[in-house]
Amino acid sequence: MNTMNCEEARELLPAYGDGELDLPHALALEKHLDGCADCDAALRTQRALSQAVRKAPYHRAPDTLRARLRAQLPAEPIAEAATPPIAAPNAPAATLPVAQPRRRRDWSRWALPIAASLALAVGLNVMLATQRSQQSLRDELVAGHVRSLQVEHLSDVASSDQHTVKPWFNGKLDYAPPVRDLAQQDFPLLGGRLDYIAHRQVAALIYRHRKHFINLYIWPGQDGDAAPDHHGSEGYNLVHWRRDGMEYWAVSDLNGEELKQFAELQIEAATDKTANAPNT
Amino acid sequence: MASPHLDAAYNLARWLTRDPHDAEDVLQEAYLRAFRFFGGFRGGDGRAWLLAIVRNTFYTWAEQRGRHQSEVEYDDATAGLHAAEACADQGLHGTDPAQLLLRAADQQLIESALLKLPLEYREILVLRELEELSYKEIAEVVGVPLGTVMSRLSRARLQLRHQIEAMDQP
Ligand SMILES: [Zn+2]
Numbered sequence: 001m002n003t004m005n006c007e008e009a010r011e012l013l014p015a016y017g018d019g020e021l022d023l024p025h026a027l028a029l030e031k032h033l034d035g036c037a038d039c040d041a042a043l044r045t046q047r048a049l050s051q052a053v054r055k056a057p058y059h060r061a062p063d064t065l066r067a068r069l070r071a072q073l074p075a076e077p078i079a080e081a082a083t084p085p086i087a088a089p090n091a092p093a094a095t096l097p098v099a100q101p102r103r104r105r106d107w108s109r110w111a112l113p114i115a116a117s118l119a120l121a122v123g124l125n126v127m128l129a130t131q132r133s134q135q136s137l138r139d140e141l142v143a144g145h146v147r148s149l150q151v152e153h154l155s156d157v158a159s160s161d162q163h164t165v166k167p168w169f170n171g172k173l174d175y176a177p178p179v180r181d182l183a184q185q186d187f188p189l190l191g192g193r194l195d196y197i198a199h200r201q202v203a204a205l206i207y208r209h210r211k212h213f214i215n216l217y218i219w220p221g222q223d224g225d226a227a228p229d230h231h232g233s234e235g236y237n238l239v240h241w242r243r244d245g246m247e248y249w250a251v252s253d254l255n256g257e258e259l260k261q262f263a264e265l266q267i268e269a270a271t272d273k274t275a276n277a278p279n280t
Numbered sequence: 001m002a003s004p005h006l007d008a009a010y011n012l013a014r015w016l017t018r019d020p021h022d023a024e025d026v027l028q029e030a031y032l033r034a035f036r037f038f039g040g041f042r043g044g045d046g047r048a049w050l051l052a053i054v055r056n057t058f059y060t061w062a063e064q065r066g067r068h069q070s071e072v073e074y075d076d077a078t079a080g081l082h083a084a085e086a087c088a089d090q091g092l093h094g095t096d097p098a099q100l101l102l103r104a105a106d107q108q109l110i111e112s113a114l115l116k117l118p119l120e121y122r123e124i125l126v127l128r129e130l131e132e133l134s135y136k137e138i139a140e141v142v143g144v145p146l147g148t149v150m151s152r153l154s155r156a157r158l159q160l161r162h163q164i165e166a167m168d169q170p
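Residue numbers (the working numbering), protein chains in the order written: chain A, 1 to 280; chain B, 1 to 170.
Read the hints as simulated data drawn from the structure, not as lab findings. A couple of the hints might just be wrong.
To be verified - Listed next, the in silico DSBU-like pairs over lysine-lysine satisfying Cα-Cα at most 30 angstroms (straight line):
#, chain 1, residue 1, chain 2, residue 2
1, B, Lys116, A, Lys55
2, A, Lys55, B, Lys136
3, A, Lys211, B, Lys136
4, B, Lys136, B, Lys116
5, A, Lys260, A, Lys211
6, A, Lys211, B, Lys116
7, A, Lys260, A, Lys172
8, A, Lys31, B, Lys116
Using the sequences and the accompanying hints, generate a full structural model.
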């Protein structure tokens, strides 16, 4: 990096002012700032604004809220990942908040998703040997969805190009998940990754609709098509359908109606072969 | 599990909802989600993780209440165009930094200027300046690439500055 012009300097100013710029760039920028009053003023303005915001009130949680949360949630976090508890945490039933009767239900319902997410989190392959019900599958899918929202896990291959995402799965799975971009319909494809659902490695495609992420899980299933079917689960929506021997589960905090629309678009894209030429 | 980052979570919820009661509702829901799906387990210090859940819960909550469209919808692509022209006049035509700082000393003015900013700008300024998150942590919470964090942050500051100057007119 030799001489920097004002345009380049302005681009780096925010990171510089925030102490996020790497050393070589910072040195080059400082050199420019020495000789450029305009950019120097811009930096001072930025710092003034930064300081200004720091004068805004910091809202600390009221003690009442702290107490309420403590009563609402089981007393101890499950910190020991190595020994995931399968049993339900003891619910402090007597102290559950009266204001939230909807949430007073038994905590045993939670045991499975907690166990599931913990097992996933620590990479355990062995889970409950019993037949898993639809509900536990749904819980697992939601857990996978939520976990994927930790940015680092959202996608293993980040690409909006279906022709990049599809081959990425080659050799990683014993089946080829159909990959379709729906950017034109406002559901852009963001990427894909591998996930573990119901003891097996499955394909997860990530789409976005407005602020919402959608995980689309795909794995081989039974024959016979099934129309999109909507399920809700504690603030998350799931839509299931089956087509051409593949099971599809879409999971999102997007509302059920739009998630169903997403399913219809997927099916439409699968039908309309002309619009989505087979990948090579 | 409630203790470690509760203040941070609440502060973010307050700035997003702009209301103490709504903030508590959002937080309660967020903690339920956090516990339900993770049992409190996570790697790292967990603050960014928790804030991401708070933020997600908030957007779902706001959408369910129909408060979504006008305020939340936002297009980084078109905003980029404005930023380009805004960048050109930054530091040239505006108030000088010292004067700006003088006006910014009014805490109430800053607070209401911040509250008037679009959500995208408000949240990123709160995360950066009040929570003092790094760009990387902000990227985790907001779910955007690092480059977007930087450009959005600078647009947010610019907008805040316009807001402060506009509010300062007698
Ligand atoms: Zn310059």
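Now for the hints, and whether the structure bears them out:
1. Taking the CA atoms of Lys116/B and Lys55/A, the gap is near 16 angstroms; set against the 30 angstroms cutoff, the hint holds.
2. Annotation: proposed proximity of Lys55/A to Lys136/B holds, straight-line Cα distance about 23 angstroms (limit 30 angstroms).
3. Straight-line distance between C-alpha atoms of Lys211/A and Lys136/B comes to about 19 angstroms, which keeps the hinted pair within the 30 angstroms bound.
4. Using a Cα cut-off of 30 angstroms, the hinted pair Lys136/B and Lys116/B holds, with the two alpha carbons roughly 26 angstroms apart.
5. For the suggested pair Lys260/A and Lys211/A, the alpha carbons sit about 17 angstroms apart, so the restraint of at most 30 angstroms is met.
6. Straight-line distance between C-alpha atoms of Lys211/A and Lys116/B comes to about 21 angstroms, which keeps the hinted pair within the 30 angstroms bound.
7. Annotation: proposed proximity of Lys260/A to Lys172/A holds, straight-line Cα distance about 29 angstroms (limit 30 angstroms).
8. Between the alpha carbons of Lys31/A and Lys116/B the distance comes to roughly 37 angstroms, so the proposed pair goes past 30 angstroms and is violated.
Checked against the numbered hints given earlier, the structure breaks only hint 8 and satisfies all the rest.
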